[in-house]
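Read top to bottom, the protein sequences are chains Y and F. Residue numbering for the first sequence is 1 to 165, as defined by my numbering. Residue numbering for the second sequence is 166 to 330, as defined by my numbering.
Worth flagging that the hints you see were computed from the coordinates, not collected in a lab. Cβ coordinates follow ideal geometry from the N, Cα and C atoms, glycine included. Fair warning: there could be bad hints in the mix.
Claimed, not checked - Lysine-lysine pairs mimicking BS3-like chemistry, simulated, CA-CA at most 25 Å apart:
no., chain 1, residue 1, chain 2, residue 2
1, F, K252, Y, K26
2, F, K263, F, K191
3, Y, K87, F, K263
4, F, K263, Y, K98
5, Y, K87, F, K252
6, Y, K26, Y, K98
7, Y, K87, F, K191
8, Y, K26, F, K191
Stated by the list, open to error - Only some residues are given here: those of chain F computed to face chain Y with a beta carbon under 10 Å:
no., residue
9, E196
10, A210
11, S256
12, P257
13, P265
14, Y269
15, V270
16, G271
17, T273
18, S311
What the hints assert, rightly or not - Reference listing, derived: stretches of chain Y covered by chain F, where coverage requires no fewer than 3 residues with Cβ under 8 Å from a Cβ of chain F:
no., segment
19, 9-16
20, 78-86
21, 97-103
22, 116-130
Number of protein chains: 2
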Amino acid sequence: MTYFEDLRVGNRTEVGRHTFTAEEIKAFAREFDPQPFHLDEEAAARSHFGALCASGWHTAAICLRHVVLARHREQADRRQRGEPVAKTGPSPGLRDLKWPRPVYVGDTITFAQEIVELRTAANRPEVGLRVARHTGTNQRGELVYSVLSSTFIERRTHDLDGAQG
Amino acid sequence: MTYFEDLRVGNRTEVGRHTFTAEEIKAFAREFDPQPFHLDEEAAARSHFGALCASGWHTAAICLRHVVLARHREQADRRQRGEPVAKTGPSPGLRDLKWPRPVYVGDTITFAQEIVELRTAANRPEVGLRVARHTGTNQRGELVYSVLSSTFIERRTHDLDGAQG
């Protein structure tokens with residue numbers, strides 16, 4: 001992870017890609033979202049979705065995996081180059097979780113994150129808040145998933161700020 | 166599911182309870198959220214969480230399971246009594262996903278949903294929008310999970326409304 005000062009609004013990174021199989025769609029649904037259109041092809045064909053599709057939370061969980069793995073890759077690269085790695089704090093939460101279109105069997109979803117807001121607060125000079133939009137887009141370029149995620153990121157200059165405050 | 170007209174703001178239902186084990190916390194994390202404090206007791210002890218804790222998305226997924234199962238139980242009861250079952254549409258999305266406290270190994274979380282808003286729109290007389298807050302509360306009464314979920318629910322009187330419109 002880069003330090004807060006190195007982040008720029010508009011920065012966009014593709015974090016990974018995933019092709020959803022019927023088997024894993026059903027496995028996730030059996031455990032966490034046992035609705036007929038996530039579990040059974042025939043029931044799904046009769047539903048408003050028209051065919052078997054992934055639980056929206058399954059899409060969210062796969063996006064999470066790619067976001068986490070991309071961060072780990074970046075941190076490993078930095079360590080290998082002998083560069084410092086900024087700390088990230090727990091997420092204060094997410095907003096506006098949306099699934100504009102279903103994810104069907106065989107769809108390949110590309111996950112990306114884009115920085116939409118950067119904020120600092122006088123009472124927390126050691127960190128900045130990064131708001132990023134995580135998205136999933138299918139092979140036809142259609143948005144299937146979107147969420148705004150907030151994370152605290154370590155600032156490089158917090159010692160200086162602290163001394164001035 | 167009851168019809169939209171039968172819903173009341175403030176109605177609260179407990180949908181289920183779940184005790185989180187170390188094994189399932191790690192299994193979910195391996196698949197979807199491979200951060201050290203969800204995967205390994207010693208790494209978690211050194212983290213800001215202080216001990217192994219569940220991915221927030223794991224808590225969300227378990228809440229989802231209980232919400233879905235509670236709805237299925239209610240629908241089955243209605244069918245058994247020969248009562249009609251209102252249709253529910255896909256969710257237009259969720260807001261304000263929060264994890265105010267970690268879920269640690271052995272914590273028992275009680276999941277509930279409470280109706281916070283009911284809305285109708287002139288251009289969609291057949292359904293109403295129900296906004297419900299889903300929550301998870303641990304055995305000490307502390308909130309560990311909260312999200313606002315919107316769902317379209319069939320209205321009993323939509324034919325009448327349609328005729329009037």
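Starting from K87(Y), check that the Cα of K252(F) is at most 25 Å away, please. Violated, at roughly 47 Å.
Is the listed coverage of the segment 97-103 of chain Y by chain F valid when you require three or more residues with a beta carbon under 8 Å from a beta carbon of that chain? That given contact holds, which follows from 3 residues of the segment 97-103 of chain Y lying within Cβ reach (below 8 Å) of chain F.
Close enough to count: is the Cβ of E196(F) nearer than 10 Å to one in chain Y? Holds, because the Cβ-Cβ distance from E196(F) to chain Y comes to roughly 7 Å (cut-off 10 Å).
Next pair to validate is K263(F) with K98(Y); report whether the Cα-Cα distance is within 25 Å. 16 Å, holds
Would the hint on G271(F) stand, with a C-beta cut-off of 10 Å toward chain Y? 20 Å, violated
Mind checking the CB of S311(F) against every CB in chain Y and telling me if the closest is under 10 Å? 9 Å, holds
The hint names Y269(F) as touching chain Y; please verify it with the least Cβ-Cβ distance against 10 Å. 14 Å, violated
Let's test the interface hint: is any C-beta of chain Y closer than 10 Å to that of P257(F)? 8 Å, holds
Hint check: 10 Å Cβ-Cβ cutoff, P265(F) to chain Y: With a minimum Cβ separation of about 9 Å from chain Y (threshold 10 Å), the hint on P265(F) holds.
Under 8 Å between beta-carbons, do enough residues of the segment 116-130 of chain Y, three at least, approach chain F for the coverage claim to hold? violated (count 0)
Is the hint on A210(F) kept, meaning its closest Cβ partner in chain Y is under 10 Å away? Where the cut-off is 10 Å and the nearest Cβ of chain Y is about 16 Å from A210(F), the hint is violated.
Check whether the Cα positions of K26(Y) and K191(F) lie no farther apart than 25 Å. The hint holds at about 21 Å.
Violated hints, in rising order: 5, 10, 14, 15, 16, 17, 19, 20, 22; the structure is consistent with all others.
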